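Spelled out from the first residue to the last, the chains are:
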Amino acid sequence: MKDKIKNIFVEGAISPSKIAESIAHHQSKTEIGAHNIFLGQVRADQIDKKKVSAIEYTAQIDIANQVCHEIREAAFSKYDLSCMHIYHSLGKVYSGEICFFVFVSSAHRTPVFDSLTEIVNDIKAKLPIFGKEFFEDQSHQWKVNQ
Amino acid sequence: MKDKIKNIFVEGAISPSKIAESIAHHQSKTEIGAHNIFLGQVRADQIDKKKVSAIEYTAQIDIANQVCHEIREAAFSKYDLSCMHIYHSLGKVYSGEICFFVFVSSAHRTPVFDSLTEIVNDIKAKLPIFGKEFFEDQSHQWKVNQ
Amino acid sequence: MEIKVRYFGQLQEITGVKEASFTLPFDTIGSLRAHLITIYPDLKNINFKIAQDNKIDSDLSDLNGTLIDLLPPFSGG
Amino acid sequence: MEIKVRYFGQLQEITGVKEASFTLPFDTIGSLRAHLITIYPDLKNINFKIAQDNKIDSDLSDLNGTLIDLLPPFSGG
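Just so you know, the sequences run in chain order A, B, C and D. Just so you know, we're using this note's numbering here: the first sequence kicks off at 81 and counts up by one. Just so you know, we're using this note's numbering here: the second sequence kicks off at 81 and counts up by one. Just so you know, we're using this note's numbering here: the third sequence kicks off at 290 and counts up by one. Just so you know, we're using this note's numbering here: the fourth sequence kicks off at 290 and counts up by one.
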C-alpha cells in the first residue's frame, strides 16, 4: 500500500496554467461529464491595521500524505468518482496566489458536488499543515482555520 | 436594467486556457479566499452500441440570458459572493470538451459550495438550451437532462 | 395582428419548420397550443413550454405578444 | 531507548527548538506531554496533538515509537 500514497505537496503557489493543464488532461476521459474544482487563495486579511502579505506553509508531510490518502480512499468508496487530484503548497504563497487545489470528476454532477465539500473540509480539519501569516511589516501570526 | 444582462454564450468548446485566464484574473482580488468551479464536459455516452461523438447546442438566447441573470442576482443576494462567471457553449462541442463553466468566489468556502450547486442545478433546469447528441455514424438524438 | 412562431430544438424536426407567421386570432396561449397540435399531431408526444415576447408564459395567459417561441425540454449544462 | 521529538509550526517558536533527543523513559504519550510542559510551561497555553512514528496517537497510548511529533492546531487549505 505504501507506494500508492501520493505526495500532495508542491513548492510555492499553484499557477493557473498548472490548473489548466490538469483540466486538459481529462479531455481523453470521455466517460466524465462533470468536474468540480476547489481553489484556496491567500487572502490579504486586515488585522489591527496590518495586512497579510503572504502565508508560509509547513507540514508534517508523512502524516499529511497518509491522512490525505485515507480521505481520498474514503471518497472513492463513498462516491462514484472517475478521478481526484489534490495539491497543497509548502513555503511562501503571496496574497492573491493559490495554495490549495482539489479537483474531482465524475460522469454526473451530484457525486462531484457532494464529495468535493467533504474532501475539502476533511483536509482542512485533519492534515497537519501549519500556516504562518506574514504581514507587510514582516511581523507574523499563526493562521487559525475557521 | 437591460444593459446589465450578460451574454453567457460562447461559440464552440470552452478551452482550459480560457479557464486559466479567468482564474488568473482573480489574483488581484485579495479579499477572495475560496473559488469553486463547475465544468460540464461532453460525455461519449454509449447508447445501443452507438457512441456520442458531439453535442450541438442551440438556445433561445434572449430568454436564457434573462433567466440566468435572475439566477445570478438571486445567488448574489442569498450568498456572500465576491464574483460569479457563467459560460455555456453554442454549436458543436466534441466529447471530452467542456461546454459549461460556472465559477464562484468568496472570502470563505461555505458560500461557494452552497451557491455553486444551486446555480448549476438552476441553470440546467431553467435555461432554454437544447442539446442534439450526434453519434459517430452521424445519426442523432435529443439530449435529456437527468 | 400577425404573430411569429419559432420552433426550437427537436420541435423543428417534428414540424419540419423553423418559424412561421400566423394571422389567426388566438385568445390564450393554450388556444394557440391546441391549434398547433391540430396542424402537427406529433406535438402531442412532447412536453413543450411556450414563451411570448421572450417570457415563458402559462397556457391560461392571454396571447398578446408578437413573438412566440416553442421550447422543448431543456438540456443545457 | 532514545526518542527524537520534533516541534512543528508555532511550537518551534514557543520552545525555541526544532527537534531534540530524549533518553528518559516515558510510559505513555501523556507522560511525555506532562514532562514537556514542565520544561516549556508555555505549552500549556496551546492545544497540540502528539504523533509517534507518523501516527497521531492518544495521550493514553503507550509510548513505544522513536519519532515523536508535536503538532499545533492545523491550518491548511
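Hints are computed from structural coordinates only; laboratory data are not their basis. Hints are not guaranteed to be accurate.
Stated by the list, open to error - Below, in silico cross-link-like pairs of lysine-lysine (DSS-like), each with a Cα-Cα straight-line distance of 27 Å or less:
1) Lys204/A x Lys338/D
2) Lys206/B x Lys293/C
3) Lys109/B x Lys109/A
4) Lys129/A x Lys307/D
5) Lys109/A x Lys158/B
6) Lys212/B x Lys109/A
7) Lys293/D x Lys98/A
8) Lys307/D x Lys98/A
9) Lys333/D x Lys293/D
10) Lys293/C x Lys98/B
11) Lys86/A x Lys333/D
12) Lys333/C x Lys212/B
13) Lys86/B x Lys344/C
14) Lys338/C x Lys206/B
15) Lys172/B x Lys109/A
16) Lys172/B x Lys131/B
17) Lys129/B x Lys307/C
18) Lys206/A x Lys84/A
19) Lys212/A x Lys109/B
20) Lys307/C x Lys206/B
21) Lys293/D x Lys86/A
22) Lys338/C x Lys293/C
23) Lys84/B x Lys333/C
24) Lys129/A x Lys109/B
25) Lys204/B x Lys338/C
26) Lys344/C x Lys212/B
27) Lys206/B x Lys109/B
28) Lys212/B x Lys204/A
29) Lys158/A x Lys333/D
30) Lys109/A x Lys307/D
31) Lys204/B x Lys333/C
32) Lys338/D x Lys130/A
Predicted model only: the values in this text are computed from it and were never measured.
Outcome of the hint check:
The straight-line distance between the Cα atoms of Lys204/A and Lys338/D is roughly 15 Å, inside the 27 Å bound, and the hint therefore holds. Of the supplied pair hints, the one linking Lys206/B and Lys293/C holds, its CA atoms being roughly 23 Å apart against a limit of 27 Å. The straight-line distance between the Cα atoms of Lys109/B and Lys109/A is roughly 33 Å, outside the 27 Å bound, and the hint therefore fails. Distance hint between Lys129/A and Lys307/D is unfulfilled; the C-alpha atoms sit about 31 Å from each other, more than 27 Å.
Between Lys109/A and Lys158/B the CA atoms are separated by roughly 36 Å; this puts the pair beyond 27 Å, and the hint is violated. With a CA separation close to 21 Å, the supplied pair Lys212/B and Lys109/A stays within the 27 Å bound. The straight-line distance between the Cα atoms of Lys293/D and Lys98/A is roughly 38 Å, outside the 27 Å bound, and the hint therefore fails. A threshold of 27 Å between alpha carbons decides the hint, and for Lys307/D with Lys98/A the separation of about 33 Å lies outside it, so the pair is violated.
With a CA separation close to 21 Å, the supplied pair Lys333/D and Lys293/D stays within the 27 Å bound. Proximity of Lys293/C to Lys98/B is assessed by CA-CA distance (about 38 Å); at most 27 Å being required, the pair is judged violated. Using a Cα cut-off of 27 Å, the hinted pair Lys86/A and Lys333/D is violated, with the two alpha carbons roughly 35 Å apart. Between Lys333/C and Lys212/B the alpha-carbon distance is near 20 Å, which keeps this suggested pair within the 27 Å criterion.
Using a Cα cut-off of 27 Å, the hinted pair Lys86/B and Lys344/C holds, with the two alpha carbons roughly 17 Å apart. Straight-line distance between C-alpha atoms of Lys338/C and Lys206/B comes to about 11 Å, which keeps the hinted pair within the 27 Å bound. Straight-line distance between C-alpha atoms of Lys172/B and Lys109/A comes to about 18 Å, which keeps the hinted pair within the 27 Å bound. This hinted pair checks out: Lys172/B and Lys131/B have alpha carbons roughly 16 Å apart, not beyond 27 Å.
Straight-line distance between C-alpha atoms of Lys129/B and Lys307/C comes to about 31 Å, which puts the hinted pair past the 27 Å bound. Restraint check: the Cα-Cα separation between Lys206/A and Lys84/A comes to about 20 Å, which is no more than 27 Å; the hinted pair holds. Distance check on the hinted pair: Lys212/A and Lys109/B sit about 21 Å apart at the alpha-carbon level, within 27 Å; holds. Annotation: proposed proximity of Lys307/C to Lys206/B holds, straight-line Cα distance about 22 Å (limit 27 Å).
Between the alpha carbons of Lys293/D and Lys86/A the distance comes to roughly 26 Å, so the proposed pair stays at or under 27 Å and holds. Taken as a hint, the Lys338/C and Lys293/C pair is honoured in the structure, with Cα atoms around 16 Å apart against an allowance of 27 Å. Note on Lys84/B and Lys333/C: the hinted pairing is violated, with a Cα-Cα distance of about 38 Å set against a maximum of 27 Å. Proposed proximity of Lys129/A and Lys109/B is supported: the alpha carbons are some 19 Å apart, at most 27 Å.
Pair hint Lys204/B plus Lys338/C holds up; C-alpha atoms about 15 Å apart against a cutoff of 27 Å. Distance hint between Lys344/C and Lys212/B is fulfilled; the C-alpha atoms sit about 23 Å from each other, no more than 27 Å. Distance restraint check for Lys206/B and Lys109/B: the Cα-Cα separation of roughly 31 Å exceeds the 27 Å cut-off, and the hinted pair is therefore not satisfied. For the hint pairing Lys212/B with Lys204/A, the CA-to-CA distance comes to about 42 Å; that exceeds 27 Å, so the pair is violated.
Pair hint Lys158/A plus Lys333/D does not hold up; C-alpha atoms about 39 Å apart against a cutoff of 27 Å. The straight-line distance between the Cα atoms of Lys109/A and Lys307/D is roughly 46 Å, outside the 27 Å bound, and the hint therefore fails. For a cut-off of 27 Å, the pair hint linking Lys204/B to Lys333/C stands: about 24 Å separates their Cα positions. A C-alpha spacing of about 30 Å is found between Lys338/D and Lys130/A, which places the hinted pair above 27 Å, so the restraint is violated.
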